[in-house]
Structure formats: structure tokens, C-alpha cells
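Sequences are here, hints too, so could you generate the full structure?
2 protein chains.
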Amino acid sequence: MTLGRLNHVGVATPSIEASVETYRNLLGATAIGEPFDLPDQGVRVCFVDAPNTQVELIQPLDEASPIAGFLKKSPAGGQHHLCFEVPDIHVAVADLVAKGARVLGAPRIGAHGTPIVFVHPRDFGGLLIELMETPRDGSH
Amino acid sequence: MTLGRLNHVGVATPSIEASVETYRNLLGATAIGEPFDLPDQGVRVCFVDAPNTQVELIQPLDEASPIAGFLKKSPAGGQHHLCFEVPDIHVAVADLVAKGARVLGAPRIGAHGTPIVFVHPRDFGGLLIELMETPRDGSH
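These protein sequence lines are chains S and A, in that order. Read in my numbering, the first sequence has 120 at position 120, and its numbers run on one by one without any break. Read in my numbering, the second sequence has 125 at position 125, and its numbers run on one by one without any break.
By construction, these hints were calculated from the structure, which means they are not laboratory data. We put the CB at the ideal spot given by N, CA and C, even for glycine. A portion of the hints provided could be inaccurate.
[Said to hold, decoys possible] Label pairs and their calculated CB-CB ranges:
no., chain 1, residue 1, chain 2, residue 2, range
1, S, P51, A, N25, 38 to 44 Å
2, S, A18, A, P87, 26 to 32 Å
3, A, G28, S, K72, 43 to 49 Å
4, A, S15, S, G100, 15 to 21 Å
5, S, P39, A, H120, 31 to 37 Å
This is the structure we're talking about:
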């Protein structure tokens, strides 16, 4: 495995609408996607484009959402995860498991429509790392 | 101001050496800079290159370092800040101040040799945002 591009930084927020306004007003973000729900993951997400990567704003859909737990500790929101691209999710998972890292669950389809997995923060210096298979159409 | 490229993600760590090994071993990072001290900011830093951006590993130089405080709350380390590039730091600061955002101190020279400032997390959804003037030689 070779370190791939940072597809996005995941940012937890109690309000996508308020966060979008902050990125627009304070930093001049203009390329902002439509928010959409990922019910399987209990979240609503919205991508804000920087020229070289994206910020994924993540709002809990309900109290059972892992993001709801995050916001209990940090009510204003904050950085939640880093997502790096990999060419093949199954190769990446096998590699990580062989090295003793804890991969959280089986690959599932993520916000960009390609398979993703998360690596346990205890195996990555306190950071929650998402690995995402690069979309074949080159979009991100 | 228009949202600029994400120059780097700042990551606090109790040990740059251990973090570098994690990025190398688990994610296959190969482009890893030499660690260096920023004594004015009380930190030692090391940049790990992804194809489109960088991870800035930040280790406290002493107990007075703001990163030491961060690690008291999150001993394993974690995401610390997001750094976006701006063409002119003074224009960016004037714009933010005019919009009522709290800019932390005057611009100072950052890890890439160009002026930086930080924006208060309370004005940015719990995220610590660094703004950094784009290096004129195009390096990053």
C-alpha cells in the first residue's frame, strides 16, 4: 500500500446548514454539494470542495448515530476523521489486518459510492482513519 | 476570500517518531520530511506527504506548549487543526476581522516559512483553522 490522496477530512457538526454558512462566509467556499442522508450510518453529510480535497460535514440523523456521541463530548463539533484513497479496498484491508491493525467491520459503500472501511484510532495515534476505494470515474 | 487549497492537516502526537512509523507501516507513506523545531511555538513538527496535501505531525517541545495541553485531554494524539492557503495573509485577516471572527494574534512565520494566523475554534464550529500564505515558489 502507498499513501493515497486525502479524499476528505470528516468534520462533525450539530448543523450542516450553520457549518456551510461558516465556510461560505468566513473562508469563501463556493463549491458546496447538496446535503444527503446515509441512513445506514446514521448521518447526513455535505461535501465542501477545496481546490485539492474536500471537507465532509457530518451531522447525526438520530441519537444512536456515532456522531451524536462525538457531539456529546464536543458540542460545537470538530474534526472527526481523515479519509485516504486506496486503489483496492480488499487489498488494503488484508494488508492492514496482516500488520495487526483493527479494521472496523467489513467494507461498505460510503458517501462517494465506493467501498470504505475505518481503522481503529488506537492503532493510528488517536486518529480515526477512513480508507476509501478511489472512484473509477476519477470523481472525488 | 475564496477557499484555498488544504495545505495540511495538523495532527498532535506524543511522538513524531512513532507516528512516522505508523504512517509508513500501515499506510505506506514514503515522502516524509525531516522533523524540525519551531521553538517560538513550542513544538517540533514533521511533514508527511500525501499526493495532494500533507499531514503535519506536531509534538510538544515542553509542558508550556499548547500541544501539551491537547495531549493531556487526548494522550494518544489526534487531529489538531486544518490549514488552508490564502494568497495574502493581511487581506485574509482584515476580511475575517471585518466579519467578526477572532483571529488569534498577529501573523507570524509558520512551518513553511510564510505568514500564518489561527482563527478561534468558537468562530469555526469547534475547528481550529490555520490560514497560511501560499509560498511564492509554489512549494508546499
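To see whether the hints hold, each was checked on the structure:
no. : hint                          : in the structure
1   : S/P51 with A/N25: 38 to 44 Å  : violated (30 Å)
2   : S/A18 with A/P87: 26 to 32 Å  : holds (27 Å)
3   : A/G28 with S/K72: 43 to 49 Å  : violated (35 Å)
4   : A/S15 with S/G100: 15 to 21 Å : holds (18 Å)
5   : S/P39 with A/H120: 31 to 37 Å : holds (34 Å)
Violated hints for the displayed structure, listed by number in ascending order: 1, 3.
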